[in-house]
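So the sequences go chain by chain: A and G.
Under the working numbering, the first residue of the first sequence is numbered 1, with each subsequent residue one higher.
Under the working numbering, the first residue of the second sequence is numbered 1, with each subsequent residue one higher.
Heads up, a few of these hints could be off.
A pair holds if it fits inside one copy or across any two, identical chains being indistinguishable in the list.
[To be verified] Result set (EDC-like, lysine to aspartate or glutamate): computed pairs, CA atoms no more than 20 Å apart in a straight line:
1. K264 to E224
2. K2 to E27
3. K207 to E273
4. K227 to D283
5. K227 to E27
Don't read these hints as lab results, they were simulated from the structure.
Protein chains: 2
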Amino acid sequence: MKLSTLLEKAAEKQNVTVAVAAAEDPEVLDAISQAVNRDFGSFILFGDKDKLDVLLSEKYTNLLDNPFVCIRHAKSDKEAAELSVKAVHAQQAAVLMKGNLQTAVLLKEVLNKDYGLRTGNVLSHVAVFETPRFERLIFVTDAAMNIEPGLEQKAQIVQNAVSIATGIGIHCPRVAPIAAVEVVNPAMQATADAALLTQMNRRGQIKGCILDGPLALDNAISMEAAKHKGLKSETAGQADILLMPNIETGNVLYKSLIYFAGAKVGGIIAGAEAPIVLTSRSDSAESKLYSIALAICSATNH
Amino acid sequence: MKLSTLLEKAAEKQNVTVAVAAAEDPEVLDAISQAVNRDFGSFILFGDKDKLDVLLSEKYTNLLDNPFVCIRHAKSDKEAAELSVKAVHAQQAAVLMKGNLQTAVLLKEVLNKDYGLRTGNVLSHVAVFETPRFERLIFVTDAAMNIEPGLEQKAQIVQNAVSIATGIGIHCPRVAPIAAVEVVNPAMQATADAALLTQMNRRGQIKGCILDGPLALDNAISMEAAKHKGLKSETAGQADILLMPNIETGNVLYKSLIYFAGAKVGGIIAGAEAPIVLTSRSDSAESKLYSIALAICSATNH
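I would like the entire structure built from these sequences, with the hints used as guidance.
Encoded structure:
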């Protein structure tokens, strides 16, 4: 599968509404404009109405008087965050998207006990990559949210990623908990956690996937490497989801794929009542579009 | 600089002898045969003389009756390791190379208190990559030896890599201690260590390089990313050496560069009296040759 397939799948979905917090941002509007051009998503733009009107009439005219776009005034970032989260909570929208405001301001509303989007699960970042040398999409989690997850957190991070993968049509994905080696070494927490997660999967504590580790990256993704090593594993060489042991490892893999391998990526936050699109300024316009598409494809699971 | 430059530099060096422990291994002999064809290095092959004679006469005839190759019989792997280490200790050789024996058997001799190659420094793995998208060589350390180095160990790991980089002509290399973010966050040890290492470099406790961090990978290697982020740093966007916070991060970057980005690599163990070539079966023949060349180029520093 390619990431362009995500755009097609997103266009096939009907009635998925995205609530955008503080939408008065050219880069965010640019991505939304592209999504609307490709016929996916309806958008509720929460933010400064005057600024939004100017931006739309100057540059994003396809969003003006469009039945799939509506504007809701908010007098501050905090209010934009609150209103957008409440819209998702009230099921008026199925995806939340961050605009031009601090991530912390938005997440505070997401975690609000009265109207927030908590499910009791860990929130985690799920990125999906199209790489030049592999046919299949490869999921990397967690490159951005959880610093040093423990065993229970890792189990939930896997479950979040499995849910997203399933949402785009990858049924029973293969999950590789990544370490530096393939053997259990008590001095390396990543290897011990990987072994524990493997047995948790066999006992039905982690569902909807085939998980086997520890695996180093080469033996997780490359069948040739796994065969050379003589590994007997249902995951080795064919992993769809790479569970990272800590944020540094995830972040370095994410950036390495973009900057060294020229990969394409879309990413969302999973684990809340609805997928959350949290793009950053450094993401390309293409990447922002893939992220919206990934969220829309994942939205039915919530 | 390209890795092919290393082969040229290695050929310019005179009289660098490599002591090979348990050389009776087709893959190791293949790399040595290529090195000899390219006119670099002299090799003392410690190992089972009968097996070596057969292998050389069957396949590696350029190593037979060659003034740059001699065979020394050892009746066991342990003895081959001991004799090769002693040869380096006695300055009959300036590089140590692992052949067909367990890494642990060789390292035990390296660490022997009487005739080993200890310097009091941490031993660390230094890999140098040629990547398709960047002009300069990029060093990654430590992807293979130190599991979770503390601050002092990290300082020595940097010093080891600086020594290798300098040895191949990269004077005063720029070092980026890698983390997931660019700010100091006490909840992320990698960021705190990176800030401490930066100040240690400014105070002259880490020499021969310009070190500045924490930096995420994108802002360490890409000037465009660093400018986009508005970072003011002498290292951002131009790092030669990437210091990894832990073995998982280093290992994943190493494997990602090979398998996703199609990079070429050479690697050695630094920090002992002489560079140690520790190739593994999964390394390509080309990679083994680059590793020998890197060790030979680095040998004069010891």
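Given identical chains, is K227 near D283, meaning Cα to Cα at most 20 Å, within a copy, between copies, both, or neither?
between (36 Å within a copy, 14 Å between copies)
Given identical chains, is K227 near E27, meaning Cα to Cα at most 20 Å, within a copy, between copies, both, or neither?
Intra 45 Å, inter 18 Å, cutoff 20 Å: inter-copy only.
Is it within, between, both or neither when you check K207 against E273 at 20 Å Cα-Cα?
The answer is within: 19 Å in one copy meets 20 Å, while 52 Å across copies does not.
Under a CA distance limit of 20 Å, which applies to K2 and E27: within one copy, between copies, both, or neither?
neither (24 Å within a copy, 38 Å between copies)
Give the relationship of K264 and E224 under a CA distance limit of 20 Å: within one copy only, between copies only, both, or neither.
Classified as between: cross-chain Cα gap 18 Å, same-chain 24 Å, threshold 20 Å.
Of the numbered hints given earlier, the model fails hint 2 alone.
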